[in-house]
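Engineer: Work the whole structure out from these sequences, hints included.
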Amino acid sequence: MVGIVGYGAYIPKYRIKVEEIARVWNKDPNAIKNGLLVYEKSVPSLDEDTATIAVEASKNALKRANIDPKDIGAVYVGSESHPYAVKPTATIVAEAIDATPELTAADLEFACKAGTAGIQMCMGLVESGLIKYGLAIGADTAQGAPGDALEYTAAAGGAAYIIGKSDVIAEFNGTYSYTTDTPDFWRREGKPYPRHGGRFTGEPAYFKHVINAAKGLMEKMGTKPEDYDYCVFHQPNGKFYIRVAKILGFKEEQYKVGLLTPYIGNTYSGAVPLGLSNILDNCDGGERILAVSYGSGAGSDAFDITVTDRINKVKDKAPKTAYYLERKEYIDYAIYAKFRRKIKM
Amino acid sequence: MVVRSWRHIKERYNLIGVICKNCGTVYFPPREICPKCRRKTKFEEIKLSGRGKVYTYSVVHVAPKDFEKQAPYVIAIIELEEGAKITGQIVDCKPEDVYIGMPVEAVFRRIKEDGDDGVITYGYKFRPIEN
Ligand SMILES: [Zn+2]
Numbered sequence: 001m002v003g004i005v006g007y008g009a010y011i012p013k014y015r016i017k018v019e020e021i022a023r024v025w026n027k028d029p030n031a032i033k034n035g036l037l038v039y040e041k042s043v044p045s046l047d048e049d050t051a052t053i054a055v056e057a058s059k060n061a062l063k064r065a066n067i068d069p070k071d072i073g074a075v076y077v078g079s080e081s082h083p084y085a086v087k088p089t090a091t092i093v094a095e096a097i098d099a100t101p102e103l104t105a106a107d108l109e110f111a112c113k114a115g116t117a118g119i120q121m122c123m124g125l126v127e128s129g130l131i132k133y134g135l136a137i138g139a140d141t142a143q144g145a146p147g148d149a150l151e152y153t154a155a156a157g158g159a160a161y162i163i164g165k166s167d168v169i170a171e172f173n174g175t176y177s178y179t180t181d182t183p184d185f186w187r188r189e190g191k192p193y194p195r196h197g198g199r200f201t202g203e204p205a206y207f208k209h210v211i212n213a214a215k216g217l218m219e220k221m222g223t224k225p226e227d228y229d230y231c232v233f234h235q236p237n238g239k240f241y242i243r244v245a246k247i248l249g250f251k252e253e254q255y256k257v258g259l260l261t262p263y264i265g266n267t268y269s270g271a272v273p274l275g276l277s278n279i280l281d282n283c284d285g286g287e288r289i290l291a292v293s294y295g296s297g298a299g300s301d302a303f304d305i306t307v308t309d310r311i312n313k314v315k316d317k318a319p320k321t322a323y324y325l326e327r328k329e330y331i332d333y334a335i336y337a338k339f340r341r342k343i344k345m
Numbered sequence: 001m002v003v004r005s006w007r008h009i010k011e012r013y014n015l016i017g018v019i020c021k022n023c024g025t026v027y028f029p030p031r032e033i034c035p036k037c038r039r040k041t042k043f044e045e046i047k048l049s050g051r052g053k054v055y056t057y058s059v060v061h062v063a064p065k066d067f068e069k070q071a072p073y074v075i076a077i078i079e080l081e082e083g084a085k086i087t088g089q090i091v092d093c094k095p096e097d098v099y100i101g102m103p104v105e106a107v108f109r110r111i112k113e114d115g116d117d118g119v120i121t122y123g124y125k126f127r128p129i130e131n
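One line per chain: the protein sequences are G and D, in this order. Using our numbering, you'd call the opening residue of the first sequence number 1 and step up by one each time. Using our numbering, you'd call the opening residue of the second sequence number 1 and step up by one each time.
In case anyone wonders, no lab produced these hints; they're calculated from the structure. Treat each hint with caution, since some may be false.
[What the hints assert, rightly or not] Ranges of calculated distance between the beta carbons of each label pair, as one might list FRET restraints: (1) D:Gly83 to G:Pro225: 53 to 61 Å; (2) G:Gly249 to D:Tyr55: 57 to 65 Å; (3) G:Pro225 to D:Lys65: 55 to 63 Å; (4) G:Ser166 to D:Gly118: 40 to 48 Å; (5) G:Thr223 to D:Gly101: 50 to 58 Å; (6) D:Pro29 to G:Lys338: 27 to 35 Å.
[Stated by the list, open to error] When the alpha-carbon atoms are kept at most 27 Å apart in a straight line, the in silico BS3-like pairs for lysine-lysine are as follows: (7) D:Lys85 to D:Lys36; (8) D:Lys36 to G:Lys342; (9) G:Lys328 to G:Lys317; (10) D:Lys42 to G:Lys13; (11) D:Lys85 to G:Lys63; (12) G:Lys342 to D:Lys21; (13) D:Lys21 to G:Lys13; (14) G:Lys59 to D:Lys47; (15) D:Lys94 to D:Lys42; (16) D:Lys53 to G:Lys328; (17) G:Lys328 to D:Lys94; (18) D:Lys69 to G:Lys87; (19) D:Lys40 to G:Lys70; (20) D:Lys53 to G:Lys59; (21) D:Lys94 to G:Lys320; (22) G:Lys317 to G:Lys132; (23) G:Lys87 to D:Lys65; (24) D:Lys53 to D:Lys10; (25) G:Lys315 to D:Lys47; (26) G:Lys63 to D:Lys47; (27) G:Lys63 to D:Lys10; (28) D:Lys94 to G:Lys59; (29) G:Lys132 to D:Lys10; (30) D:Lys36 to G:Lys70; (31) G:Lys342 to G:Lys63; (32) D:Lys47 to G:Lys320.
Don't be surprised by glycine CBs; every beta carbon is placed ideally from N, CA and C.
Structural biologist: See the structure below:
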């Protein structure tokens, strides 16, 4: 059965607190923290971008997979912050992990769900026998306009998944997607920051797609929330995540391990891949996981996953997600503005 | 500029050096002749681990044009496990925390960019090994 052969996470070291951003814009930090359930967010260094984050995560996935990188037949990088408008990130990643030249590669864009779209594409190519292994990465260095509500959450990070058929550490029991044309969040060509539909991003966008994808998958698999040990959903903030988990009937012990946004912010395409990597780090084999991404525009990909005993052999071979969560250095707004190139010189 | 950086992508992304099979000396970047063995040089490609120690370092406060925004930063000579010495920037570490003998590992980062519409050059830098 097609499954995950290796996985790896990466989160940049720097953090900025909600208090520090709120101080600059003269807003009440407690209202923001309570409203969004976000306390701080990760910030990439000046020399980090989606390509470098994807490379770090992929190298960690390779350490766990213990395969020859030349056996990777496809590399897909899902992101809404590719370093170039035209020129793929995936070729940089493929070269940096020494997987070139016999492979196919492409960049994917679907707001925050481009990473899980890449996983599905790899599943299809592996299942059909066209490739031996596929590498799918969700990574972002998301930007919010200065002073915009998104500035408190738009963060950086990513995770990589090597998909294959043998020696899997987790099996895909099934996948299901739910997609409609919904303009809740967008960025036009040449514009530095995205725009969003404010309150419109909630009910008809995030909640509708995540709930329908989760329900659709559980109906297809014949499962109920209590059949899963863990669940993870896209997490633009902590509030949406917990609300959607509760609406679907999941309990705190099922959803809490996958929720990282309160401590690192919304890592966009990296969010569900990172939440899932934290769950896998905490598994011992036999656990069943429901994972549902969300991308504005809009769509959700849902996965039903069962962890195998092999997880115990690989989880310590690369830094765990918790290592990156705890490795942090706080910066002030001035350094943040420099790192995020918000000052034009 | 584009062609010159493209030609070095393989060695710079993956730290590919050469090892002289005659005397065992490792060189990075790759060269044509082993100065110790000259005509007896027997070079093979070697993928370096990227792990090593700070051999010596310097904190750069007044940086060249492409690196001005990063100052102050640390440039170090790293002695790799395989014996080769290579120059690189130290990242994810404050200048005051760097010391001679500090264990480091290679990390893939942006090196420079050719303005805001040019090619972005990627390559290795080094960071402290923490775990
Ligand atoms: Zn020699």
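Engineer: Now, for every hint given, state plainly whether the structure supports it.
Structural biologist: Cross-check of the supplied hints:
As the Cβ distance of D:Gly83 to G:Pro225 is approximately 57 Å, the hint placing it in 53 to 61 Å holds. A C-beta distance of roughly 59 Å is found between G:Gly249 and D:Tyr55, which places it inside the suggested range of 57 to 65 Å. As the Cβ distance of G:Pro225 to D:Lys65 is approximately 58 Å, the hint placing it in 55 to 63 Å holds. A hinted range of 40 to 48 Å holds for the C-beta pair G:Ser166 and D:Gly118, which are about 43 Å apart.
Restraint check, G:Thr223 to D:Gly101: a C-beta distance of roughly 55 Å satisfies the suggested window 50 to 58 Å. Restraint check, D:Pro29 to G:Lys338: a C-beta distance of roughly 31 Å satisfies the suggested window 27 to 35 Å. Taking the CA atoms of D:Lys85 and D:Lys36, the gap is about 16 Å. The hint holds against a cut of 27 Å. The hinted pair formed by D:Lys36 and G:Lys342 fails the criterion: a straight-line CA distance of about 51 Å is larger than 27 Å.
Distance restraint check for G:Lys328 and G:Lys317: the Cα-Cα separation of roughly 21 Å lies within the 27 Å cut-off, and the hinted pair is therefore satisfied. In summary, the hint linking D:Lys42 to G:Lys13 is not supported, as the alpha carbons are separated by about 42 Å, beyond the 27 Å threshold. Proposed proximity of D:Lys85 and G:Lys63 is supported: the alpha carbons are some 25 Å apart, at most 27 Å. For a cut-off of 27 Å, the pair hint linking G:Lys342 to D:Lys21 is broken: about 51 Å separates their Cα positions.
The hinted pair formed by D:Lys21 and G:Lys13 fails the criterion: a straight-line CA distance of about 40 Å is larger than 27 Å. A distance of roughly 15 Å separates the Cα atoms of G:Lys59 and D:Lys47; the hinted pair therefore holds under the 27 Å criterion. Among the hinted pairs, D:Lys94 with D:Lys42 is inconsistent with the structure: their alpha-carbon atoms are about 41 Å apart, more than 27 Å. In summary, the hint linking D:Lys53 to G:Lys328 is supported, as the alpha carbons are separated by about 23 Å, within the 27 Å threshold.
Between G:Lys328 and D:Lys94 the alpha-carbon distance is near 13 Å, which keeps this suggested pair within the 27 Å criterion. Of the supplied pair hints, the one linking D:Lys69 and G:Lys87 holds, its CA atoms being roughly 25 Å apart against a limit of 27 Å. Restraint check for D:Lys40 and G:Lys70: the C-alpha separation of about 33 Å exceeds 27 Å, so the hint is violated. The straight-line distance between the Cα atoms of D:Lys53 and G:Lys59 is roughly 21 Å, inside the 27 Å bound, and the hint therefore holds.
Pair hint D:Lys94 plus G:Lys320 holds up; C-alpha atoms about 24 Å apart against a cutoff of 27 Å. This hinted pair checks out: G:Lys317 and G:Lys132 have alpha carbons roughly 22 Å apart, not beyond 27 Å. Note on G:Lys87 and D:Lys65: the hinted pairing holds, with a Cα-Cα distance of about 25 Å set against a maximum of 27 Å. Pair hint D:Lys53 plus D:Lys10 holds up; C-alpha atoms about 23 Å apart against a cutoff of 27 Å.
Between G:Lys315 and D:Lys47, the direct Cα distance comes to roughly 25 Å. Compliance with the 27 Å bound is thereby established for this hinted pair. For the suggested pair G:Lys63 and D:Lys47, the alpha carbons sit about 16 Å apart, so the restraint of at most 27 Å is met. A distance of roughly 20 Å separates the Cα atoms of G:Lys63 and D:Lys10; the hinted pair therefore holds under the 27 Å criterion. Under the criterion of a C-alpha separation no larger than 27 Å, the hint pairing D:Lys94 with G:Lys59 is consistent with the structure, at around 25 Å.
A hinted pair counts as satisfied when its Cα atoms are at most 27 Å apart, and G:Lys132 with D:Lys10 qualifies at roughly 24 Å. Of the pairs offered as hints, the one joining D:Lys36 and G:Lys70 is violated, with about 34 Å between alpha carbons and a cut-off of 27 Å exceeded. Of the pairs offered as hints, the one joining G:Lys342 and G:Lys63 is violated, with about 35 Å between alpha carbons and a cut-off of 27 Å exceeded. For the proposed pair D:Lys47 and G:Lys320, the alpha carbon gap of about 25 Å is at most 27 Å, so the pair holds.
Of the hints listed earlier, those the structure fails to meet are numbers 8, 10, 12, 13, 15, 19, 30 and 31, in rising order.
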